[in-house]
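Asks: Chains as they are written, first to last, in my numbering: chain A, 174 to 288; chain B, 891 to 1001.
Worth flagging that the hints you see were computed from the coordinates, not collected in a lab. Heads up, the beta-carbon is just placed ideally off N, CA and C, and yes, glycines get one too. A hint or two may mislead.
Unchecked claim - Below, a list of computed lysine-lysine pairs in the BS3-like style, where the Cα atoms sit at most 25 Å apart: (1) A:LYS214 - B:LYS926; (2) A:LYS214 - B:LYS958; (3) A:LYS193 - B:LYS928; (4) B:LYS928 - B:LYS1000; (5) B:LYS907 - B:LYS941.
To be verified - Derived, one-sided and incomplete: chain A residues facing chain B with beta-carbon distance under 7 Å: (6) LEU217; (7) LEU277; (8) PHE279; (9) GLY282.
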Amino acid sequence: GAVVSQHPSWVICKSGTSVKIECRSLDFQATTMFWYRQFPKQSLMLMATSNEGSKATYEQGVEKDKFLINHASLTLSTLTVTSAHPEDSSFYICSARFQGVGELFFGEGSRLTVL
Amino acid sequence: SQELEQSPQSLIVQEGKNLTINCTSSKTLYGLYWYKQKYGEGLIFLMMLQKGGEEKSHEKITAKLDEKKQQSSLHITASQPSHAGIYLCGAAPINNNDMRFGAGTRLTVKP
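So here's chain A without its partners, still in its complex pose:
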């Protein structure tokens, strides 16, 4: 079946630095990818929709200048957390939709810890 891969699976960084998380669709082209965030004991919250070749669409309350999304190819979307702070520590999961098919495929997630 289709596979979505995220990298890194976990990352620790210092406050004020930027961190990039990659989301790749391994065996299909994904025109649309989605980024979610999950805090401890909470559900997944949609942050933004990443569209190949165009700007991402952000959910209300998500700072687009802080969470930079780039979807430069049909198999790769990146999420960059700029000037990270401890409150940005969370579990970030991406998903990708196979063109024309309803099912979403999820990555394994990336755990970010900001010291």
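Assemble chain B onto chain A, guided by the hints.
Replies: The following block gives chain B in isolation, referenced to the frame of chain A:
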């Protein structure tokens, strides 16, 4: 926006017992998805329901979608410790674009 309510928020059952998790939508669902997650890990796809009245089963897990397509239930028969985790229902809006999730149900199965 699509709002999904899950109940219960947490559930502790003895191994071998049956259990049911519910997911209710404020709007008619285009598609209803059930996932399992162990916190800090990715989502495991369980089932997708699209038709009113649809019911699907996989091993000891059965999911149903009501006729109005606004409520779904996930039933586990003879629960095992391996069933423990967080169960999430997700719904795609009418345009089947992004997916929103319920708050999740944390299941603990005591051996």
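Asks: Classify the hint on LEU277 (chain A) as holds or violated, based on whether any CB of chain B lies nearer than 7 Å to its CB.
Replies: holds, 6 Å
Asks: Does the interface hint hold: is PHE279 (chain A) within less than 7 Å of chain B, judged Cβ to Cβ?
Replies: Holds: closest Cβ of chain B sits about 4 Å from PHE279 (chain A), inside 7 Å.
Asks: Quick one, are LYS214 (chain A) and LYS958 (chain B) close enough, alpha carbons at most 25 Å?
Replies: Outside the cut-off at roughly 30 Å; violated.
Asks: Does the structure keep LYS928 (chain B) and LYS1000 (chain B) at a Cα separation of 25 Å or less?
Replies: holds, 16 Å
Asks: Would the pair LYS193 (chain A) and LYS928 (chain B) pass a check requiring their Cα atoms to be no farther apart than 25 Å?
Replies: Holds: LYS193 (chain A) and LYS928 (chain B) sit about 24 Å apart, inside 25 Å.
Asks: How about LEU217 (chain A): closest beta carbon in chain B under 7 Å, or not?
Replies: Holds, about 5 Å.
Asks: A closest beta-carbon separation below 7 Å is what the hint needs, so does GLY282 (chain A) meet it against chain B?
Replies: OK, holds: GLY282 (chain A) within 7 Å of chain B, min 5 Å.
Asks: Between LYS907 (chain B) and LYS941 (chain B), does the CA-CA distance stay at or below 25 Å?
Replies: violated, 29 Å
Asks: Measure nothing beyond the straight line between the CA atoms of LYS214 (chain A) and LYS926 (chain B); if it is 25 Å or shorter, mark the hint as holding.
Replies: holds, 14 Å
The earlier numbered hints that this structure contradicts are 2 and 5.
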